[in-house]
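Chains as they are written, first to last, in UniProt numbering: chain A, 1 to 342; chain B, 1 to 395.
These aren't lab readings, by the way, just hints derived from the structure by calculation. Heads up, the beta-carbon is just placed ideally off N, CA and C, and yes, glycines get one too. Check the hints yourself; a few may be wrong.
[To be verified] Residues of chain A clear of chain B, computed beta-carbon distances all greater than 12 Å:
1. 113
2. 193
3. 234
[Said to hold, decoys possible] Interface residues of chain B toward chain A, partial, derived using beta-carbon atoms under 7 Å:
4. 53
5. 55
6. 58
7. 69
8. 79
9. 120
10. 121
11. 305
12. 340
13. 356
[Unchecked claim] Some chain B residues near chain A, calculated using beta-carbon distances under 10 Å:
14. 148
15. 208
16. 210
17. 262
18. 263
19. 359
20. 388
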Amino acid sequence: MKHIAIGILGAAALGLTASAASAGTLDTVKQKGFIQCGVSTGLAGFSAPDDKGDWQGIDADFCRAVAAAVFGDGTKVKFTPLSAKERFTALQSGEVDILSRNTTWTINRDTALGLNFIGVTYYDGQGFMINAKKLPGVNSALQLSGAAVCVQSGTTTELNLADYFKSNKMEYNPVVFEKLEEVNAAYDAGRCDVYTTDQSGLYGIRLTLGAPADHVVLPEIISKEPLGPAVRQGDDQWYHIVKWTYFALLQAEELGITKANVEEMKASDNPEIKRVLGQEADTKIGTDLGVSNDWVVNIVKAVGNYGEMFERNVGSGSPLKIARGINALWTKGGLQYAPPIR
Amino acid sequence: MASQEILREEPSRASFVNDPKVRSIFFQVLVVVLLGAGVWWIVQNTIDNLARLHIASGFGFLRGRAGFDISDTAIAYSSDSTYGRAIVVGFINTLIVAGAGIVTATLIGFILGIGRLSRNWLIRKICMVYVEIFRNIPPLLVIFFWYSGVLAVLPIPRESINLPFGSFLNQRGFYFPRAVWGDGSWLIFVALLVGIAMAWFVARKARQRQMATGQQFPVFWTSLALIVGLPLLAYALSGFPLTFDFPKQSTFNLTGGFQVKPEFLSLYLALSCYTAAFIAEIVRAGIVGVSKGQTEAAGALGLRPGSILRLVVVPQAMRIIIPPLTSQYLNLTKNSSLAIAIGYPDLTATAGTVLNQTGQAIECVLIMMVVYLVLSLLTSAVMNVVNAKMALVER
């Protein structure tokens, strides 16, 4: 009896200590040979599979950029589509290494959920879309009192919606679904009068509706929705790699380094470009971060700079045709700003 | 003498380790200790890992402001209410849809089950086709069938279908006038209660008289007169306090009146239709399970087919029917969690939203599990009481 009791205590103690420590994300990622990237279940321009089944969009490309920084190869990514409800648990439990899924940065998610947002890859705001054919004469969100509003559950959108109607003393009827496709289908079928989500999302969703021309996005923006990738807390090295991948994308645009000219730029006389591209003698910028010194070259080769990524996925080169607006670089009056790489 | 002594001494000579009683106690204690240690290890591990990942834990979050709205609320709820209240709202919605579904499924199921034994070929075959179709389709598909069917077929709010009594039907749901009770309407409810009580009393007296003298009394008509007549009288006496709020067309939709949303309708109809098919089979099995001799004996006594079914077969069949019926009720309650697919705010949906807004995954899942468990155990307990009442009373 005594021996058994001691044995049980010992086993329990072992189990506890075994679970206490785990390897860093960078080592785990290198070991398995790819990055597991959490994306949406399909939002045009951000993360949606194309007709060949490849994931396209800003969020998907961001994961490729991180893969390029880590492996020198932007294709070493595997994508996990996640619903709004699953996304945080998937990141917390280690099922994905990065959550790059049009997710709004809030204090609660940074603290109580144990996440770290690395920055804002897209500054968005919540808007409303209506069917102008069915509702002629409605041209402002303030005319929506009494409407049935379709919204995805478990999002900041759902909370802003409640706040907006409450503060404007308007009534509404929430029609809530868990999956984006279900919300789209219900709105298209006429179950609700209004669709609300981030404005960029509205433009993307409009393209998938039966008659896109019938639908208009109302001018009001009712919230700040800074969308960005997030990683788990407690792994500073991984956090820095992902964060500086984002800054490198911005820095490349600021310096005029593009997918097309990156090889020529390596020979540039500009000391800043040389430093960013790892061409400085005895540079340690990349290795200090935990990646190779030509990490920025790899990133730009894989996905281009931030501007190219934007135009290709949501801007003029895409069906969405969203203007840069506040997502322009700080030098052009926008909010995108990167600390110096030195 | 000598042999007896040896026999008596044998148990005490057996080794302590080989004593089956001691052994069985030892192994039972061992299993309990191992199980306890395992559970303790899992719980400790979870707490440790949550702390290591900087994830907040505990149930304090239930007191926080929810901030989101819910479409169907049976109790007062707004975005200013707490997360805890949001979960309660979802729980009540689960109760409503499960309760309504159980009643309807039982009614349809009994009709179908008896119909499958009908002597009429057409009725028998129609019931059989229904049972075979709904029993072999996954419940989620039945829900989608109703939801998409309802949405696709019905017109937009501006072209609502006018139904009698000021009711409307459109793709946003079914609308009917809402009763507005004025001053003095309490008298009507009192009259209704009195009517029901008197009807019950009359029925009891009539049965006693029939037992004693063999004379029959028109119980049905008397009860109807009492239950309907008394409230009507009270309604007239209190000065007609009842008015109706009729649904009216407004900018977006009909306002006023009472709205039954398509999410609730399709979930309720789907669960009822689906479970009814299983109940029909249980009822049929129960009736067939009653020995044929019982029917023949009742026929020999001169009872008509209707009376045989009502007085002889069904009471005995109920004893076979109730235990499997209980598990169908439990299934229906658990299947109601499929509501999440069409956006009806049941427990799973609201607790899921709370989970996502707060990130308290373990706590929310634990709450859902405990609530469904308690709900199922309560249903079982109630059905066990019914079963005990129905059981054969041996004399």
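Residue 356 of chain B as chain A interface residue, shortest Cβ-Cβ below 7 Å: Cβ of residue 356 of chain B sits 3 Å from chain A, so the hint holds.
When the least beta-carbon distance from residue 263 of chain B to chain A is tested against 10 Å, hint result: Holds, about 8 Å.
Hint check: 10 Å Cβ-Cβ cutoff, residue 148 of chain B to chain A: holds, 8 Å
Restraint outcome when residue 120 of chain B is required to lie within 7 Å of chain A by C-beta distance: violated, 40 Å
Closest CB of chain B to the CB of residue 234 of chain A still more than 12 Å away: Since the minimum Cβ distance to chain B is about 6 Å, residue 234 of chain A lies within 12 Å and the statement is violated.
Interface hint compliance - residue 210 of chain B to chain A, C-beta minimum distance less than 10 Å: violated, 55 Å
When the least beta-carbon distance from residue 340 of chain B to chain A is tested against 7 Å, hint result: holds, 6 Å
Chain A contact restraint for residue 388 of chain B - C-beta distance below 10 Å: At 42 Å from the nearest chain A Cβ, residue 388 of chain B fails the 10 Å test, so the hint is violated.
Closest C-beta approach of residue 305 of chain B to chain A relative to 7 Å, hint status: Since chain A brings no Cβ nearer than about 49 Å to residue 305 of chain B, farther than 7 Å, the hint is violated.
Minimum beta-carbon distance criterion (7 Å), residue 79 of chain B to chain A: Because about 4 Å separates residue 79 of chain B from the closest Cβ in chain A, which is inside the 7 Å limit, the hint holds.
Given hint residue 359 of chain B near chain A, where the shortest CB pair must fall under 10 Å: holds, 4 Å
Residue hint residue 121 of chain B, partner chain A, criterion CB-CB below 7 Å: violated, 41 Å
Checked against the numbered hints above, the structure breaks hints 1, 2, 3, 6, 9, 10, 11, 15, 16 and 20 and satisfies the rest.
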